[in-house]
Amino acid sequence: MVDIGLTVFNGLAWGMATFLVAAGLTLIFGILHILNFAHGGFFMIGAYVAYSVMLAFGGTMPLWLYLVAAIAAGIAVGGMGWGVDKLILRRLRHVEDAYSLIATYALLLVCVGAVQLVWGLNYLSVMPPPALNSVVFLGDMFMPTYTIFIIACGILAFIGLEIFISHTEMGRLIRVVAADPWMAKLLGLNVRRIYLVTVVFSFALAGLAGGLLMANQSLSPELGGIFLLQAFGVVIVGGMGSIRGAFIAAILLGMIESFGTYFVPQYPGIFFLVALAVILLIKPEGIMGKEQTA
Amino acid sequence: MASTETLLAVRDLNAFYGGSHIIRNAAFSVGPGESVALLGRNGAGKTTLMKSLLDAGPRVEGEIMFDGADIAGVPTDERSRRGLMLVPEDRRIYPNISVGENIELGRHAARAGKALSLKDIFTLFPLIEPLRDRAGYQLSGGQQQLVAVARGLLGAPRLLLLDEPVEGLAPVVVQDMARHIERIRQTQDLALLIAEQNLSFARACTDRVVLIDTGRIVFDGTWEDFDADPGLKERYLAV
Chain L
63 MVDIGLTVFN
73 GLAWGMATFL
83 VAAGLTLIFG
93 ILHILNFAHG
103 GFFMIGAYVA
113 YSVMLAFGGT
123 MPLWLYLVAA
133 IAAGIAVGGM
143 GWGVDKLILR
153 RLRHVEDAYS
163 LIATYALLLV
173 CVGAVQLVWG
183 LNYLSVMPPP
193 ALNSVVFLGD
203 MFMPTYTIFI
213 IACGILAFIG
223 LEIFISHTEM
233 GRLIRVVAAD
243 PWMAKLLGLN
253 VRRIYLVTVV
263 FSFALAGLAG
273 GLLMANQSLS
283 PELGGIFLLQ
293 AFGVVIVGGM
303 GSIRGAFIAA
313 ILLGMIESFG
323 TYFVPQYPGI
333 FFLVALAVIL
343 LIKPEGIMGK
353 EQTA
Chain E
137 MASTETLLAV
147 RDLNAFYGGS
157 HIIRNAAFSV
167 GPGESVALLG
177 RNGAGKTTLM
187 KSLLDAGPRV
197 EGEIMFDGAD
207 IAGVPTDERS
217 RRGLMLVPED
227 RRIYPNISVG
237 ENIELGRHAA
247 RAGKALSLKD
257 IFTLFPLIEP
267 LRDRAGYQLS
277 GGQQQLVAVA
287 RGLLGAPRLL
297 LLDEPVEGLA
307 PVVVQDMARH
317 IERIRQTQDL
327 ALLIAEQNLS
337 FARACTDRVV
347 LIDTGRIVFD
357 GTWEDFDADP
367 GLKERYLAV
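For the protein sequence lines, the chains are L and E, in the order given. Position one of the first sequence corresponds to residue 63 (my numbering), numbered consecutively onward. Position one of the second sequence corresponds to residue 137 (my numbering), numbered consecutively onward.
These are calculated hints, taken from the structure and not from any lab test. Certain hints may be false.
For each label pair, taking beta carbons as the anchor points, the in silico distance ranges come out as [as the list claims (entries may be wrong)]: (1) Ser114/L to Asp256/E: 55 to 61 angstroms; (2) Ala168/L to Glu214/E: 30 to 36 angstroms; (3) Ser228/L to Gln322/E: 38 to 44 angstroms; (4) Arg268/E to Ile344/L: 38 to 44 angstroms.
Listing some non-contacts, in silico: residues in chain E with all C-beta distances to chain L over 12 angstroms [as the list claims (entries may be wrong)]: (5) Asn232; (6) Lys255; (7) Val354.
No residue lacks a Cβ here, since even glycine has one placed at the ideal position from N, Cα and C.
Generate coordinates for the entire structure from the input sequences, incorporating the hints supplied.
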């Protein structure tokens, strides 16, 4: 029973960590229809920025400072999103998808190069803040508080995004532009500005995810690629562009990966890929299909 | 800045889709408060000409003066906010938001302090009020057309471009639409440019005719002038 509980807990942890990265990726695809390969790179930069903020405060930090560092990473990477939209993404809106893939992949390489230049090639590690560096016991089951924190962050990010997209004026305009940008322009909406807001928001989510998850892994220039594959899987299985779908897919794939590893521990990581292939064979459009926006 | 004689003046307008030259040296004008029919067969270039005025599709060369200013290089949304509003042929009602929300989107094109209220819209289009909370996808073709026109009107445009507003509608709905447009003309200070193939509808709603054929303006005059030359209808409108 304890094993099952722990397996569910690990599945949720995998799912919510991946959702934090996937949220911005699916948002930008849903609105701009650009598959942003560079997302993992900016997630990585977010983690390094938060790491630098932490170092600036002496290397150990209370929980509030850990959150401030993550938010600072979100703001910094959101600012980079502004520059990326102005310099690159704006030019890709009327060209074939292949150009977007090549350009955003090139941008990912730039991110990796920039991280190597600024922070070096060495592996860096970050301890969770003391308040999150303990365990909680539920009967015989123990749960690291940092992992509980990440699960809570994933759920809060999902609720926040749902409220933003469904219940705010900007969210409504984003849905309108996603559904029919041509008509939105004719109705006097400044579509370029709405695209810019979406890109900045999506990049800020990547940076924030990097900041929140930095204690979960070694920081290295390969970090971008590690989460990107999982995040792409979640976005594809969820239904390209659907935040709700990505959330459900993150939990589903997390559980499959976690239970797969529990029952067949000699093949960790393979169940995610098998599930991805099987789900797409059964439902190629993903769990939520192409969600209608407005 | 603003001219009182001509609201829209087009000169030497050429429009292209890729290498295809669709509109050739078009020139015409619309005065303030005037209602003009743009007639032509399918494929004559009516829709391309309308989209060209908003820079909403084809590549455009030539001069478009609107309200006394050359609007070449002005983005589509800014043209809308200056009072040039297009209601497209396929209506483009957003399916997953309500009729009321669809109409309210028109407010983004309003000039300062100029927008109509939803109440004004329901007075102009009493048929829409009961549909207010219905989702866009639940509307019939005729209802969609009314909502599209209402949405275009909400921002109180100076020139409303209607692209085939009665295409595919039942005859009784066409008559209804003509009555609505008549009411709009009586109550709102705006000019109309209506692209049509339905001659009787166009005649009921407009004062003047511009005839287009294979991308060229081939006639520009009053309905009396148009009727005086029966060959025009035969040459340029007969199927």
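Now for the hints, and whether the structure bears them out:
Restraint check, Ser114/L to Asp256/E: a C-beta distance of roughly 57 angstroms satisfies the suggested window 55 to 61 angstroms. Against the hinted window of 30 to 36 angstroms, the Cβ-Cβ separation of Ala168/L and Glu214/E comes to about 33 angstroms, which satisfies the hint. Distance hint check: the CB atoms of Ser228/L and Gln322/E are about 41 angstroms apart, consistent with the given range 38 to 44 angstroms. For Arg268/E paired with Ile344/L, a C-beta distance near 41 angstroms keeps the hint of 38 to 44 angstroms intact.
For Asn232/E, the condition that its CB be more than 12 angstroms from all CB atoms of chain L is violated, with the nearest at approximately 5 angstroms. In this structure Lys255/E is separated from chain L by more than 12 angstroms, as the shortest Cβ-Cβ distance comes to about 20 angstroms. With a cut of 12 angstroms on Cβ distances, Val354/E stays outside the contact zone with chain L, its closest approach being about 28 angstroms.
Hint compliance for this structure: hint 5 alone is broken.
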